[in-house]
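Asks: The chain contents come next:
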Amino acid sequence: MNKRDFLKGAILFFPAGGLLAMARDASGKANGKAYEPASHFYGMGIEIDKCIGCSRCVEACKAENDVPAEPFYFRTWIERYQIRPSGESVVESINVKGRKRDEAADDRDFVRTFFVPKLCNQCAHPPCVQVCPVGATFQTKDGVVLVDKDRCLGCRYCIQACPYGARYLDPRTHTADKCTFCYHRVVKGLQPACVEVCPTGARIFGDLKSRASRLVRFARMNKVHVLKPALNTEPKVYYAQLDGEVR
Amino acid sequence: MKIPEQVQRLAIVVGVLLAVVLIGRFVLLPSRLVARELHQTATIEREVVKPVRYAGSTACADCHDDVVVKKAKGYHKGLACEGCHGPAVKHAEDPGAVKPAAPRDRKFCPVCHAYDPARPTGFPQINVTAHNPLKPCITCHNAHDPVPPRTPRDCAACHGQIERTKAVSSHALLACTTCHATPEQHKRSPRRATPSKPETREFCGGCHAADAPLKTGAIKDAPKVDLGTHGRSYPCWQCHYPHLPEGRS
Amino acid sequence: MNPETAAGLYELLEQVTGYIYPNEIEIHWSILIVAYPYLTGLVAGAFILASLVKVFNVKEVQPVYRLSLLTALAFLLVAPMPLLLHLGRPERFYEILLTPNPTSAMAMFGFVYAWYLMGVLLLEIWFEFRRDLVVLAQQARPPLRWLYAALSLFSKDISDGALAFDRKAIRAITVIGIPSAFLLHGYVGFIFGSVKANPWWSSVLMPLVFLMSAIVSGIALVVFLYMVLTALRRQPIDMACLDKVTSYLFYAVIVDFSLEALDFIHRLYESEESVGILAKLITDKLFMSLFVLQILLGMFIPLGILVLAKSSRRFNDDLRKLLYFTAVILIQLGIFATRWNVVIGGQLFSKSFRGLMTYKMEVMGIEGLAVTIVVLVLPFVILAAFVRLLPTQRLAEREAAGAAALSGGSR
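In order, the protein sequences belong to chains A, B and C. If you're matching positions, the first sequence starts at -6 in the working numbering and goes up one per residue. If you're matching positions, the second sequence starts at 50 in the working numbering and goes up one per residue. If you're matching positions, the third sequence starts at 6 in the working numbering and goes up one per residue.
Isolated chain A (complex conformation) (with noise of 0.2 Å):
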């Protein structure tokens, strides 16, 4: 039996195979016919100026993939920035309780403020993945780094090599864990969770393979950013408005 003939055997009868069917069955029903890694390409549009800070989108999905409560594990969250006159930036996360908030009493204190979304980039060449000792983290054909909890480490190389602090160790697992694009709905025709429950359509969802998505629509309706590109990780979470303040 050749490694092929064993793979080929595998999917069809482990279990778990068996359950990709199943799920691909369902897709099936959501959307017509059956999903199809390959021809997709996900991404995620984010327009500055039409969030609120509301932090639907942290609680969502805090409670869609079972984040840990604790404010020191998100796989997104909201940052408040206020540009002062001097051009100093002060910056917070607003679902970080229990730290003194240095408010700031006054409008005139400050010349610009905004909040910005943060999540994780889903980087087309994603530093995280190519640290992995194990490979236990990797991209999907859809453009998505997911973790393999079962086989991670808990070596923390990728949460060092993550630019962006958008991974964490899950304290009950000890192992790496991120932001999936909420790859379950996803899979199934539905809207991550963050962008579900965003009530100003702040946060755009879609394919970048195809031309009539609203993610395409987004970047041609605006000039658009990503976080850090000089790190060259190509990032897949594009920016309206973003402010050169923002890291």
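The set of hints was computed from the structure by calculation and includes no laboratory data. Among the clues, some could well be false.
[Claimed, not checked] One side only, chain B facing chain C, incomplete, derived with CB under 10 Å:
| no. | residue |
| --- | --- |
| 1 | P53 |
| 2 | V196 |
| 3 | R199 |
[As the list claims (entries may be wrong)] The list that follows gives simulated cross-link-like pairs (lysine-lysine, DSS-like), each with its CA atoms no further than 27 Å apart:
| no. | chain 1 | residue 1 | chain 2 | residue 2 |
| --- | --- | --- | --- | --- |
| 4 | A | K202 | B | K122 |
| 5 | B | K99 | A | K43 |
| 6 | B | K236 | B | K246 |
| 7 | A | K43 | B | K139 |
| 8 | A | K221 | C | K285 |
| 9 | B | K139 | A | K55 |
| 10 | A | K221 | C | K201 |
| 11 | C | K285 | C | K365 |
| 12 | B | K184 | B | K119 |
The C-beta atom is built at its ideal place from N, Cα and C for all residues, glycine as well.
Model the placement of chains B and C on the given structure of chain A, informed by the hints.
Replies: Quick look at chains B and C alone, frame taken from chain A:
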């Protein structure tokens, strides 16, 4: 050349070690353990079967079409039901047994509508301490069609940021309508009919030109400039922000 | 989640200055990961010192040759332990051997380590000790006799021809061994130097800096061990050897310091986006460990001591020994601080470049101080066993020296 005795012995040890490692790795070890693609497929499968908790807004429409129709006409038309009511897959599966949350107290609406300077201008915001204290929001507002109970009298109801800025400026005593002609419809349907904005230098000159007539109610010592020479032909708001003109600290 | 851990993290939250990404509050690479490059550095340094004898024929260093090799082996055996203990799931370590990711610097650890241990160090030690093992197997009583015989792989040939072959083999292995030792520690530097997300680590000089500091720490360790061992055995110290080795130590410290200074000046001069937060990092968080421990106590003062000991002829042997001993202890302290500054320092600032975190060292936990001390002491225990079992001087030379001492000759 004769191979030295010690090298022969060493060669046996190294050979055995290498053989053990190579046989172990390439023969004994099930290829299932070393097949990267298989691991990835298994991970994707595990990911795909994770439970969905947010049913998505189309799921709600199946039963609650009345609410959905109502909501689709109001300002909250873009909002997902589960944004306020929480994840509702369980409710959709067994509507009788599991009821989603329906926030009714004053804590919930300010999550979006409390005044925060970082929120985009024009987004309706209130000052929670001053705005009808202690009254639950739903006594006056229907969350599924949140029109104000009566047409707002003043602009601050929505334009809190400008109001707060203006309140500490030299223009504090001017009504918004002094400079912005506001059609009545704007209060009910803000994006249909937008207020006017000053368009010419002469508009500001109405008070600030050297030869401006003293209007009733205007402050006598409003700063005056010669429109002919001041700032060449730039519009005034190129340099002065009318909601917070300089000259006051 | 463990409420104690949560309480600890809430406490750390209060000590954050500026802004950090919310997931960054936990410091992931602890003091155990400080011990890891420290240990591999000692291995590489000790081996390179041993190689000087064989490749460059530095006769004076011969007395510490075997000690260096055994030191390298003892520390190499312990080197993977801190890595293993720090894993979130240590029981899965074998995955790194099953499906190593070819693009991961860390995945190559197993291979570099196995090559260095089996392909270089054990081979060289075996050829070096083989004659003595054969002799000891004939002299010793069981069960030691069996041990020696097994270690010599039951070889018996100690004819001149066979010994000449051993010497040739050692030389060949050393020639391969030096680049391998460079690889072992240069690669540890690459693990840090290749993290482009972290400006404190990301530097092409990192492998070189690691390598030079490895040589410094390895030589200093062997000097320390040699002095302690001779004292315990009440044997005379070979001052020619000590002077020579400390000269190498002196040059190595100079090169190490120059490299680190170059790295520092380069960063300061290029003054990239991260320069502000790195400046805050070294003044607010690393002042003690960088300026005081690493640079002042670990470099300047030992350099001064070495210059003093070398420059004046007035110092007698005993005074020089004291000076050398002080210098090597300070250097060890300095190199440990160097590792601390790289590993912990690189995690004390946010990748948003806007804030600083705090590292609170555990004491009793698995990633704590107690375990680290055990990991750092263990190689010395292993080395003590090696030194008891294996002669640190060639038996033939020892006999010759003994005969000479009896006749009242050299001291």
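Asks: Now look at each hint and say whether the structure bears it out.
Replies: These are the hints, each one checked on the structure:
no., hint, result
1, P53, "5 Å, holds"
2, V196, "37 Å, violated"
3, R199, "42 Å, violated"
4, K202/A - K122/B, "33 Å, violated"
5, K99/B - K43/A, "30 Å, violated"
6, K236/B - K246/B, "16 Å, holds"
7, K43/A - K139/B, "31 Å, violated"
8, K221/A - K285/C, "21 Å, holds"
9, K139/B - K55/A, "17 Å, holds"
10, K221/A - K201/C, "11 Å, holds"
11, K285/C - K365/C, "19 Å, holds"
12, K184/B - K119/B, "24 Å, holds"
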